Amino acid sequence: MKSNLTHTLTLLVALFLIFGRAMAQEKEREIQGNTLDAKDLSPLPGVNLILKGTTVGTVSDDEGKFTLPIPNGEAILLVSYIGYQSREILLGENQTTLNILLESLDLNLQEVTVVSTGFQELPLSRSTGSFVGLDQDLVDRRVSTNLIDRLEDLTPGLIFNRDISGRESGESISIRGTATLISSAEPLIVVDNLAYDGPLSSINPNDVASITVLKDAAAASIWGARAGNGVIVITTKKGSFNKPIQVNFTSNLTTFQRADPFYDPKMSINSLIDKQSELYENGAFGSLIRNRRNPVIPPLAETLYAFEQGQISAQERDAALEQFRNADIRRDIDQYLTRPASQQQHALNVSGGGTNHNYQVSIGYDKNLSSEIASDFSRLTLSTQQSWKLAKDKFRIQTGAYWVQSDSYNGMPQVAGLYPYERLLDGEGNPQEVYRDYSIRFKNSVKDLLPLSWAYVPMEEIGKSSTVNRSQDLRLFATANYQLTKGLEWSTNYQYWTNRNQNTTHNSPDSYAARHLINSFAQPVGNGELELPIPLGGTLDQRISDSYSHTLRTQVNYQKNWTNHRLNVFGGGELKDFQSELYGNTSYGYFAENGSSLPVDYLTRFVNQGSSLSRNIPFTEEFGGRVNRFVSGFANLGYSYKDKYLINGSFRMDASNLFGVNTNQKSVPLWSAGMGWILSEENFMASSQWVDFAKLRLSYGFNGNTNPNATAVSTARRFVAAQNLITRRPFLGVETPPNPELRWERIKIINAGLDFEFLASRVAGSVEYYQKKGLDLLGNIPIFISSGFTSATLNYASTLTKGWDLVLNTVNSKGAFQWETNFFHSILKDQVIEVDNLPTANQLINYTPALPTPAVGRPLFSIYSFEFAGLDPNDGAPLGILDGEPSREYAAIYAEATPENIQFHGAGRPTQFGSFRNTLGYKGFSLSANITYRLGYFVKRAGVDYVDINRGGFGHADYERRWRQPGDERTTEVPADPGTVNPLMNGFYLSSGALVEKGDHIRFQDIRLAYSWNAQKSSLLGLNGLETYLYINNLGILWKASKVLPDPDFQTVQNLRSIAVGMRASF
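First residue of the sequence shown: 28, per my numbering; consecutive thereafter.
Since the hints were derived computationally from the structure, they do not count as laboratory data. Take the hints with a grain of salt, since some may be wrong.
Label-pair restraints from in silico Cβ distances [what the hints assert, rightly or not]:
hint : residue 1 : residue 2 : range
1    : L625      : G490      : 41 to 51 Å
2    : L759      : P288      : 23 to 33 Å
3    : L609      : G490      : 22 to 32 Å
4    : N869      : I812      : 13 to 23 Å
5    : W415      : A443      : 49 to 59 Å
Calculated cross-link-like contacts (lysine-lysine; reagent style PhoX-like; alpha-carbon spacing at most 25 Å) [to be verified]:
hint : residue 1 : residue 2
6    : K669      : K587
7    : K416      : K669
8    : K66       : K265
9    : K92       : K669
10   : K264      : K416
11   : K671      : K587
12   : K841      : K950
13   : K265      : K419
14   : K669      : K79
Every value quoted in this text rests on a predicted model; they were computed, and no experiment measured them. C-beta: ideal position from N, C-alpha, C; glycine also.
Start from the sequences and build out the full structure, keeping to the hints where you can.
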């Protein structure tokens, strides 16, 4: 039984002709109407409508409109649409108009049945490309002030890449792997049909209506040279025609758990004190104490030296050492300088519309308090959009403006690098001086000679040195559509975008930063007098960057439906101009009260107090700019036969001022072709009782990638006179050599997929296989030094990525109790297949997440190490492999290392990842929980660094597990402390497989509990609708492969649990 599938238009026409005589005996009338989503009244194109008991029917057009001839009298209309509940509608005897509201099936990833490419809206059922559509409910499920955070763990193929601190590393987002080396690996962001040049932090999630992720060539190649990393298309909220005014208000508050100050594993205080005492007794700090540059040495060493010099008594020494053992700077920082972080969001949206005009206005305010007491962030957003129908709906105009101002403030004192046993307050609660820049012995020796105190007291520095960043972003856009004839439409889109980012660091006159500079440059002139090259007062460091772009796109759209055929064609051109400017300067002797400052001598080199080195006063005046221009032509054709055989093709030619000298190098043609076959429309599947929809699709094509920092011609930077040590005149420095053969990066993509719905749409999903081949990838290659440069940016590598995306959504229970499951699993394996510059073993071992080192046959992000053969049972020294045997000849191990004989562990990024989400519903309540996982990758962890420890450093917690006696090698991999600085041994161990761990883990990501008040209860509060919710994020790790790491993705900074409460109300 296949009641929800319809016959094709060809069959309808044929049957109509056969039975035309019988039908002609009856009188007919025409009914016109619209097919709409019941939730937001958006039009639904491609809805099937058929008169029950006949073969008379039609399909709604791209605006959801339909016209259908029906006989006089009552009739029953059958309505069906993929992803929506089918309906039977009784038509009245004289009824001529009808608006049909369809309720979506509650399969979240299937709710979006129409996706946007930025050029057109396309029903998923007729697409040949790889799309993921997320509607507003799914975007709003996660609570965050950052829009991109809401995509994590919801989109097959999309993953966030992090370093060991948990921060996004390098390019934070990748879609189906990375197919570039030094160019941007970020996906292209499109907002309201045009590419967006601003920061993603400027987009308020509460203004977003839907998001579409374009993953293959058929979906994304229409975006050309910027689509190689995928495209994220964001559609913001708009008003609707013939809809009364509606007011929506959203508010939520998120609180975070207090961070564990001991999460980052460090050496214990007692072990550190014992070790530094041993080092002092062995004379390790003698050279530092005698150093004429007066470096900071550990407070413990200063105390022991003071006792040795007779400056303090044994009793005072012992009391100081006891205070050190009882102190912990992490505990003080936690108590006095941190707090639980919080975020709050508030948004008001007003929309509505009449017959020929609609509107939308919104305002949003976000306020985030960091875990640091003197740090916060706020954002204010304002947006408005209006649309008009003119000339009997032949001409439509839409205009809009989006403005956002973001402000961040940081007035925290610098506490990173303080010795672990220092304190912020003394035993009586008074602010305590700590060690910084120079030894306290030196500072005390000159304190009566200098004009200002040189003491650094963190608790007195709060707010005295502050950095304020303000970003103002404005986007103005307009769209015009004119229907030239039936099926033929002209449209033009224009966008103006501008952003000003102002970063200001102010050090007040009494701040340590200002005092340190003034004292450092103070010059003795005899008789105990000083000259001050840096005048008394504060400093003001300003950086202002201004960017703006103009984008103009015009295109012609043509669509025609006849008998068995459906044709959709569009083509046009696009112009883009992007320009940016940078200004920067530093003011000395600055007083904020009147904005005054004084000039300084940047040309003279002054001997610095303490270091005995001469240098210029820091000069930071900057001026720079960039102009990038693009011109593009594009075309797209979509054709379907009998609504079951689909063909799609697109072509785009991009040209830019960045590439090539010859005309054929300035532009790049990019194209795609796709085909689809809706199996469920075939006769051989018509008798199937359980298959509702099945479609095979295949696509092939090329996307591109650009690097605005790579140019075909030489570029130069202007330097000021103070930076010219020879002539003391301004000069230009050539930064890049010419490269007339520079070419665009291209990505060849093959994608094959199967979309399916079974059992009355209770089971739905897709399976996709893809290949991405990166061609002509850019990299920084060493060149002959005689050229005047050490490296050049050249096209020199190729990569290949293969993968699978599986999506499975099920409706497990319907009725009063509802239960849905949403699951996706992504597999990807990439490798470098060609590279002109072979890496060394040392380059491969010193891998960082943000800087890939390509090696043929290996993943772009790979983990290598020296093979670890355990510890020497005699003295606990680490053993490597040399000539196939365990060895401690570290110099030889380094010398003999090659890319072939070092140990390859595997990929440094997950090769499999996914999400498993269940949603339960009952009488207005809904409960959803999401479990995520990352598999098939390795991470490097931090370890004990004996060079650092034996030079007075802080040390890693692994020090407590070190080898101490024979037999320990059976229970630990941490080497014995050599007691001296041994760089070769230390470097070998830190680069060995002993510190490589599997990163595989399963995480209980979040849980959301919500209650939707029904209309009756909401009306009692004067509301049309109300939802209240509780959201808990980062609940914890359920399983991990590593027995050492608490969290493979957050090794040094804790992934904090958060709890949010919020509400959404409509009036």
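Subject >> Straight-line alpha-carbon gap K416 to K669, limit 25 Å >> reply: Measuring from Cα to Cα gives roughly 33 Å; hence the hint is violated.
**OP:** Would you check the hint for K66 and K265, treating anything up to 25 Å between C-alpha atoms as holding?
**Re:** holds (14 Å)
**OP:** Decide if the proposed pair is consistent with the structure: K669 and K587, CA atoms, cutoff 25 Å inclusive.
**Re:** Measuring from Cα to Cα gives roughly 13 Å; hence the hint holds.
**OP:** Please work out if K264 and K416 have their alpha carbons no farther apart than 25 Å.
**Re:** Holds. K264 to K416 sits at ~18 Å (cutoff 25 Å).
Original post:
So the hint says 49 to 59 Å: do the beta-carbon atoms of W415 and A443 match that?
Top reply: Given a distance of about 56 Å, which is inside 49 to 59 Å, the answer is holds.
Original post:
Regarding the pair K92 and K669, is the alpha-carbon distance no greater than 25 Å?
Top reply: holds (20 Å)
Subject >> Given pair status - K79, K669, alpha carbons within 25 Å >> reply: holds (21 Å)
Subject >> Hinted pair K671 and K587, Cα distance within 25 Å >> reply: holds (16 Å)
Subject >> Proposed proximity, K419 with K265 (alpha carbon, max 25 Å) >> reply: holds (21 Å)
Subject >> Distance restraint hint 41 to 51 Å, applied to the beta-carbon atoms of L625 and G490 >> reply: violated (24 Å)
**OP:** With 23 to 33 Å as the target window, see if L759 and P288 comply at their CB atoms.
**Re:** violated (49 Å)
**OP:** Assess, step by step, whether the Cα of K841 is no farther than 25 Å from the Cα of K950, and give holds or violated.
**Re:** holds (12 Å)
Hint compliance for this structure: hints 1, 2 and 7 are not met, and every other hint is.
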